[in-house]
Amino acid sequence: MTLIRKAEPAAGRDRADQVRTLFSEIAPRYDLLNHLLSLNIDRLWRRRAIRELGWEAAPGDTYLDLCTGTFDLAAELARRRGFGGTVVASDFAFPMLARGLGKIHAISVQPVCGDAQRLPFADCAFAGVTVGFGVRNLSDPEAGFREACRVLKPGGRFVVLEFSVPPGRLLRAAYLLYFNHILPRAGRLVSGHPWAYSYLPESVKDFPGPRRLAELIRGAGFAKADWFLLTGGIAAIHVGVKGPAVPPPAR
1 MTLIRKAEPA AGRDRADQVR TLFSEIAPRY DLLNHLLSLN IDRLWRRRAI RELGWEAAPG
61 DTYLDLCTGT FDLAAELARR RGFGGTVVAS DFAFPMLARG LGKIHAISVQ PVCGDAQRLP
121 FADCAFAGVT VGFGVRNLSD PEAGFREACR VLKPGGRFVV LEFSVPPGRL LRAAYLLYFN
181 HILPRAGRLV SGHPWAYSYL PESVKDFPGP RRLAELIRGA GFAKADWFLL TGGIAAIHVG
241 VKGPAVPPPA R
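Numbering of the sequence shown is given in the working numbering, commencing with residue 1 and proceeding in unit increments.
No lab work stands behind these hints, which were simulated from the structure alone. Among the hints, erroneous ones may be present.
Unchecked claim - Listed below are the simulated EDC-like cross-link pairs for lysine to aspartate or glutamate, each with C-alpha atoms no more than 20 Å apart in a straight line:
1) K103 x D31
2) K205 x D42
3) K103 x D42
4) K153 x E52
5) K205 x E215
6) K205 x D140
7) K153 x D123
8) K224 x E76
9) K103 x E76
10) K153 x D226
11) K153 x E142
12) K153 x D31
13) K205 x E142
14) K153 x E56
15) K224 x E142
Claimed, not checked - Quick list of the computed label-pair ranges, beta carbon to beta carbon:
16) I107 x G209: 34 to 44 Å
17) H181 x A245: 45 to 55 Å
18) G192 x D14: 21 to 31 Å
19) G221 x A58: 15 to 25 Å
20) E56 x R150: 18 to 28 Å
Ideal Cβ positions, reconstructed from N, Cα and C, are used throughout, including at glycine.
Start from the sequences and build out the full structure, keeping to the hints where you can.
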């Protein structure tokens, strides 16, 4: 299997370097901590995201998973019964991709090391695009949305799975207690990294809420963008749909 490297853009370099360093350093314990700290609920969320992709309409086509990490979402799609296409899985943290290669052995996932904000793919190359828990790590999320729209075929779906803050008062209080105090300490203990799991709650706190995120997706060129909450609002799924191709003007 070929693991392709791609060049990085200069824009947003400081934040990009920080995020790349963070995920490169926690790659060895990333999967363990993801499932442990989410109590395995993240697996159910990924399955729901795949259902929203609508891949059954074109099961033999090519799909793109952005910010793929160790390939959890890409592998979930590639292993679906009836799926006969290819998943291109992209991430700019090379150690994350290297760590997850065992998950994609003998399934149709092609890893590419590249930046979601400047994708090395042609226009209208993919039948669908997914991203799981990666948008808030982009230095310019709107640039990532525009790129997702560009590489999507007309009518294709862009599915974003991301953390959110629950709207309910009691659940929000419990969630923030766990997210701001328990998770960082547990993350430091298991990963050995001094600040990686303090970054996570900070990144969620500063991230746009679901309604605003839907507006940003529409503003990036999508014909529509809907969203719904998962597990009381701990996470949310956004689905952007690219409009039909516009025919050239008559001469």
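Going through the hints against the structure:
no. : hint                    : in the structure
1   : K103 x D31              : holds (11 Å)
2   : K205 x D42              : holds (19 Å)
3   : K103 x D42              : holds (17 Å)
4   : K153 x E52              : holds (16 Å)
5   : K205 x E215             : holds (18 Å)
6   : K205 x D140             : holds (16 Å)
7   : K153 x D123             : holds (8 Å)
8   : K224 x E76              : violated (25 Å)
9   : K103 x E76              : holds (10 Å)
10  : K153 x D226             : holds (18 Å)
11  : K153 x E142             : holds (19 Å)
12  : K153 x D31              : violated (32 Å)
13  : K205 x E142             : holds (18 Å)
14  : K153 x E56              : holds (15 Å)
15  : K224 x E142             : holds (15 Å)
16  : I107 x G209: 34 to 44 Å : holds (35 Å)
17  : H181 x A245: 45 to 55 Å : holds (50 Å)
18  : G192 x D14: 21 to 31 Å  : holds (25 Å)
19  : G221 x A58: 15 to 25 Å  : holds (21 Å)
20  : E56 x R150: 18 to 28 Å  : holds (24 Å)
Consistency with the previously given hints fails for numbers 8 and 12, ordered from lowest to highest.
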